[in-house]
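Enquirer: Can you build the whole structure from these sequences, using the hints too?
Protein chains in written order, with my numbering: chain A, 1 to 405; chain G, 1 to 193.
Heads up, a few of these hints could be off.
[Unchecked claim] Pairwise CB distance ranges, derived in the manner of DEER restraints:
(1) G:Pro94 x A:Gln119: 32 to 40 Å
(2) A:Leu277 x G:Lys50: 39 to 47 Å
(3) G:Lys50 x A:Val25: 51 to 59 Å
Source of the hints: derived by calculation from the structure; they are not laboratory data. The model shown is predicted, which means the values in this text are computed figures rather than measured ones. Even for Gly, the Cβ is constructed at its ideal location relative to N, Cα and C.
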Amino acid sequence: MLKQEFIVPKSLKTTSIVLMLIGLVGLVVGAVTLLPGNALAQTQFWASLMHNAIFFLLISVGSLFILSATSLAQGAWIVSFRRIPESIGSMLYVFAAIAGVLLLSFVWTNNTNIYAWLQDGFNPHNSLNTLKNFFLSKGFFTFWTILVLVLWSWFGVKLREISVKQDTDTKGSTKLYWKNFNFSAGFLFVFALSLASTIPWLWIMSIDSHWFSTMFSWYTFGSSFVSGMSMIMLWVLYLKRKGYLDVVSEEHVHDLGKFMFAFSIFWTYLWFSQFMLIWYANIPEETIYFQIRMHGPYRFFYWLNLILNFVCPILILMPRPNKRNYFVVSLVAVIIIFGHWIDFFQMIMPGTTVRENWDKPFVLSLFIACGFVGLIIYLVANKLTKAPLIPQNNPLFKETIIHIS
Amino acid sequence: MSIKKFAVAVYDDEAVLFPAVKKVRSAGYKIHDVYTPFAVHGLDVALGQKESDLHIAGFIYGITGTCTALGFMGWIFTTDWPQNFGGKPHFPLPAFIPITFELTVLFAAVGMVLTFCYLNQIMPGVKKHIFHPRQTDDKFVMVIEVNDTNEAETLAMLQSTGAELTETQIAESDWWYGRFDKKEDYEIQQQLA
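Expert: Pasting the structure below:
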């Protein structure tokens with residue numbers, strides 16, 4: 001008999017609570033030491049909070065994306081562990097609320113240290129400025145942020161709800177399967193207009209208000225998707241280790257590993273395409289973005305970013321046996337998540353007034369990241385107990401068991 | 001070139017072929033090869049073939065492509081004919097990356113195709129003995145190498161596995177260059193003998 005009911009192990013619960021406490025301590029210590037200080041100290045605090053809030057929100061959206069994309073493609077392999085991305089997606093609203101409150105508070109308190117475009121009479125671009133001025137306005141920022149966050153959260157809850165309802169549906173009925181199919185299509189439409197295009201421009205790229213790159217959103221999407229896949233991989237391996245998810249075999253893990261491998265290269269491709277065009281054209285208003293990152297105080301993160309997110313995955317995950325080795329893939333998953341966390345750090349920090357003073361925000365970010373990891377573990381583990389770990393009555397269930405990668 | 005004696009069994013269905021392969025292997029016979037009209041999933045496992053090393057060859061070809069591209073461009077633009085392109089350094093790595101990538105892919109792809117052809121002994125002009133004319137159509141053919149002492153016993157065993165036809169053939173086991181409208185060398189040799 002399959003072990004269906006997930007019970008949160010005591011060790012996991014303790015770990016998550018300890019991590020959350022570490023995060024909370026970091027947050028309180030950071031707030032006490034930095035907030036009463038000058039504008040720089042305050043920005044250091046808010047920027048590291050923003051870095052983690054955005055990163056953990058976007059990697060959760062990544063798991064909603066793989067869920068919808070495979071539902072739409074009628075992929076069977078994900079059915080064996082689809083409760084994991086579902087749970088992550090349905091807890092998305094917590095992170096959406098944190099990020100939303102944070103970003104809107106920046107905009108409505110005129111925090112020009114983070115978003116320079118909030119200054120009065122600021123023209124992001126002196127010619128052809130009307131559209132960009134509209135895009136970077138308080139009204140549009142608020143409207144679009146709230147709309148996108150609500151839609152993401154709603155789709156996350158909805159996709160989970162449909163899947164759980166299917167468990168008790170009459171056997172052989174495909175009504176809910178097609179409902180899930182249609183909602184997945186809807187989510188992908190929202191996704192294309194949010195995370196895959198406007199949201200990274202609005203939230204992250206607008207920190208460097210004068211600089212722009214149309215590739216930036218895809219590059220951020222690559223980052224969040226590959227680390228989202230790594231997070232799913234860690235959950236799958238953890239549950240397997242605890243004796244759950246018998247139907248997930250080496251073949252499914254191999255496919256997840258392929259995704260991590262392929263999308264690490266995809267991320268590098270986008271990163272490099274963005275970099276090379278700017279490097280080749282050598283226009284000062286564009287190269288300024290890389291000046292501070294490549295030659296300035298963020299040199300270390302810049303190269304670390306490439307090593308962790310490109311060199312490590314491609315070399316370690318290339319051989320087939322490595323993608324089927326649970327220890328190796330979980331190690332690479334941790335490397336990838338940390339690497340993209342570094343990637344987001346060097347996207348966000350240099351553009352704010354933090355600039356060369358990244359030491360305190362980095363330490364603070366590490367602490368807050370622990371808190372967010374604890375929060376994800378706690379929420380998702382609790383959500384996983386609410387329904388059987390293996391979807392019942394899913395028409396693709398047999399196909400997922402005999403899946404060969 | 002080596003002419004050998006083979007016991008050939010022709011099967012009608014892969015559902016018969018699989019148990020037959022298992023039975024023959026567990027009886028201790030070494031299967032020369034199995035010919036099927038399409039790729040039968042799991043047959044490689046049933047035959048006990050080890051995983052192909054083609055991907056290692058591919059990695060080596062890819063690395064060769066990378067080194068060729070970087071080495072050649074580096075030599076041209078730093079030593080052989082240095083030029084100033086828009087004030088860029090003489091070894092502008094980012095500008096070389098797309099070409100390096102393309103050559104890596106090209107070397108890996110072409111090299112792997114050629115290696116694949118070599119390993120499977122397929123090439124334009126390369127000819128191999130066909131044990132049964134319908135092995136590329138709808139029949140499954142299992143071939144075991146035999147000698148005079150165990151020939152009868154092997155044929156009897158193959159018969160018992162549900163083969164619809166068993167026979168002995170004397171055939172060339174390797175490939176050779178030749179034309180399909182010409183008689184095969186071993187046929188001529190056989191006629192002479």
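Enquirer: Does each hint hold? Answer for all of them.
Expert: Evaluated hints:
1. Remark: the range hint 32 to 40 Å for Pro94 (chain G) to Gln119 (chain A) is upheld by a beta-carbon distance near 34 Å.
2. The given range of 39 to 47 Å is respected by Leu277 (chain A) and Lys50 (chain G), whose C-beta atoms sit roughly 46 Å from each other.
3. For the hinted restraint 51 to 59 Å between Lys50 (chain G) and Val25 (chain A), the CB-CB distance of approximately 54 Å keeps it satisfied.
Every hint from the earlier list agrees with this structure, and none is contradicted.
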